[in-house]
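> Spelled out from the first residue to the last, the chains are:
2 protein chains.
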Amino acid sequence: MTQRVIIDRGAGIAVWRQIAEWVRAEVASGTFEQGSRLPTETEIAERFGVNRHTVRRAIAALTAEGILRADQGRGTFVTAQPVSYPITARTRFSEIITSQSREPGGSLIGSAVEEADALLAGWLEVPVGTLLLRLDTLSVVDGVPLMVGAAWVEQARFPNLLRDYAETNSLTAALKRGGVEDYTRKETRISAELVDADDARLLEVALGTPVLIMESVNLDPDGRRIQYGRARVAAERIQIVVPN
Amino acid sequence: MTQRVIIDRGAGIAVWRQIAEWVRAEVASGTFEQGSRLPTETEIAERFGVNRHTVRRAIAALTAEGILRADQGRGTFVTAQPVSYPITARTRFSEIITSQSREPGGSLIGSAVEEADALLAGWLEVPVGTLLLRLDTLSVVDGVPLMVGAAWVEQARFPNLLRDYAETNSLTAALKRGGVEDYTRKETRISAELVDADDARLLEVALGTPVLIMESVNLDPDGRRIQYGRARVAAERIQIVVPN
Numbered sequence: 006m007t008q009r010v011i012i013d014r015g016a017g018i019a020v021w022r023q024i025a026e027w028v029r030a031e032v033a034s035g036t037f038e039q040g041s042r043l044p045t046e047t048e049i050a051e052r053f054g055v056n057r058h059t060v061r062r063a064i065a066a067l068t069a070e071g072i073l074r075a076d077q078g079r080g081t082f083v084t085a086q087p088v089s090y091p092i093t094a095r096t097r098f099s100e101i102i103t104s105q106s107r108e109p110g111g112s113l114i115g116s117a118v119e120e121a122d123a124l125l126a127g128w129l130e131v132p133v134g135t136l137l138l139r140l141d142t143l144s145v146v147d148g149v150p151l152m153v154g155a156a157w158v159e160q161a162r163f164p165n166l167l168r169d170y171a172e173t174n175s176l177t178a179a180l181k182r183g184g185v186e187d188y189t190r191k192e193t194r195i196s197a198e199l200v201d202a203d204d205a206r207l208l209e210v211a212l213g214t215p216v217l218i219m220e221s222v223n224l225d226p227d228g229r230r231i232q233y234g235r236a237r238v239a240a241e242r243i244q245i246v247v248p249n
Numbered sequence: 006m007t008q009r010v011i012i013d014r015g016a017g018i019a020v021w022r023q024i025a026e027w028v029r030a031e032v033a034s035g036t037f038e039q040g041s042r043l044p045t046e047t048e049i050a051e052r053f054g055v056n057r058h059t060v061r062r063a064i065a066a067l068t069a070e071g072i073l074r075a076d077q078g079r080g081t082f083v084t085a086q087p088v089s090y091p092i093t094a095r096t097r098f099s100e101i102i103t104s105q106s107r108e109p110g111g112s113l114i115g116s117a118v119e120e121a122d123a124l125l126a127g128w129l130e131v132p133v134g135t136l137l138l139r140l141d142t143l144s145v146v147d148g149v150p151l152m153v154g155a156a157w158v159e160q161a162r163f164p165n166l167l168r169d170y171a172e173t174n175s176l177t178a179a180l181k182r183g184g185v186e187d188y189t190r191k192e193t194r195i196s197a198e199l200v201d202a203d204d205a206r207l208l209e210v211a212l213g214t215p216v217l218i219m220e221s222v223n224l225d226p227d228g229r230r231i232q233y234g235r236a237r238v239a240a241e242r243i244q245i246v247v248p249n
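Heads up: the protein sequence lines correspond to chains A and B, in order.
For this note's numbering, add 5 to where a residue sits in the first sequence, where the first one is 1.
For this note's numbering, add 5 to where a residue sits in the second sequence, where the first one is 1.
With the rest of the complex left out, here is chain A (with noise of 0.2 angstroms):
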């Protein structure tokens, strides 16, 4: 914390305005970062030698504003902006991330091989029955989780790519290895429906909150289907995008 700021008690200012007006200078700052945990109530009434629930006035103003948000058990947050989220040619989780100045990160939640039903045979355009290898994978940005995605590859052609996504962490990077050197999503699909229990725990939200449905399909630079793709993103923490 700053020390730039001192209550003025006789200022004809509320003390938790200023207090209020302190936090909102040091996230507009950067000092308190977005999406950081704000000091507790105990630190911030310290700090200016103000009691607890002065502050607390302070961060409820600042809740209703959404400037912060509380999370149960865990403490106030400064509210991070939504990630905007491009629907380009060439969709790249981590390009898109990085480019806004913000840190990407996953990890490989679950695999499975599986049959192809009517529905993923129909998206990949291979027969019924065609075994697929499935990847389940949960993205984060600056450390709080964004969308759980499941893709599905012909396991025959990319018989290797868990290991290779083991190895590299990147889908497309897993892909390169095994032959494909680029792709392009072919077409997006968007829809919106409310969270499920298991999404709910590893998106760290509440049941009841809406995620964005993204299904996708890419194309190898033939033209073939290579992979399709069902994300589910808490639609609170994302933007998405289309440019025309």
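There may be inaccurate statements among the hints.
Where chains are identical, the list cannot tell them apart; a pair therefore holds if satisfied intra-copy or between any two copies.
[To be verified] No farther apart than 20 angstroms at their CA atoms in a straight line, the calculated lysine to any residue pairs in the SDA-like style are these:
| hint | residue 1 | residue 2 |
| --- | --- | --- |
| 1 | Lys191 | Asn249 |
| 2 | Lys191 | Arg95 |
| 3 | Lys191 | Ala94 |
| 4 | Lys181 | Val149 |
Keep in mind that the hints were calculated from the coordinates and are not lab data.
We have chain A already, so just place chain B on it with the hints.
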């Protein structure tokens, strides 16, 4: 109701299953149209000379499959396929709906003159405080509400827009009367929220269901920003398609 199917009590297939198959066939053939109300349990029971419990079991099975949906107090409906809504440079509601052999509809539900706040001024690239005309519309597909929209234009540029809209029931036509022969989408931003009480009433969805938020700005042929819109769409009734 067609009279093709006769229940065969000696066929070794439970009667409720035969009734379910009959409903399924009627839906597939279009006799029971998507979005329409199914005949009542009593009507179906009388049609086949079975009791209502048998019909109820068939309906329950089809509801579990997603082919039928119960609408409390209104009856059982044939589930409508979500509207497929492509976002392209020229996204026109009526054309999109008509191309899917569905019936578009709409109405003006409100209008106002507002001073541009910072957000609207930014979208339309006009000074804060500029007088804007806001049109609130409800768009309907096959008689079912799909989206509630608000659109803002500069009042000074389109002084007769409200009258023109009322006469044509089309924003595209009204803008054309205002001298804009054509317009293209510059950008669309998509997010999701829970429906609010007003929109739940207009969209005829339950509180706690998600709506997709589509924000877009349109350009005239000279590339000038002429309209900003913010639509809230019943998520269960739409699938947004972003082609490459």
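> Next, verify each hint and record whether it holds.
Now for the hints, and whether the structure bears them out:
Proximity of Lys191 and Asn249 under a CA criterion of 20 angstroms is satisfied in both settings, with 15 angstroms inside one chain copy and 5 angstroms between copies. Proximity of Lys191 and Arg95 under a CA criterion of 20 angstroms is satisfied in both settings, with 10 angstroms inside one chain copy and 19 angstroms between copies. In this assembly of identical chains, the alpha carbons of Lys191 and Ala94 lie at most 20 angstroms apart whether taken from the same copy (7 angstroms) or from different copies (17 angstroms). Taking identical chains as interchangeable, the C-alpha atoms of Lys181 and Val149 are never at most 20 angstroms apart, the minima being 28 angstroms within one chain and 46 angstroms between chains.
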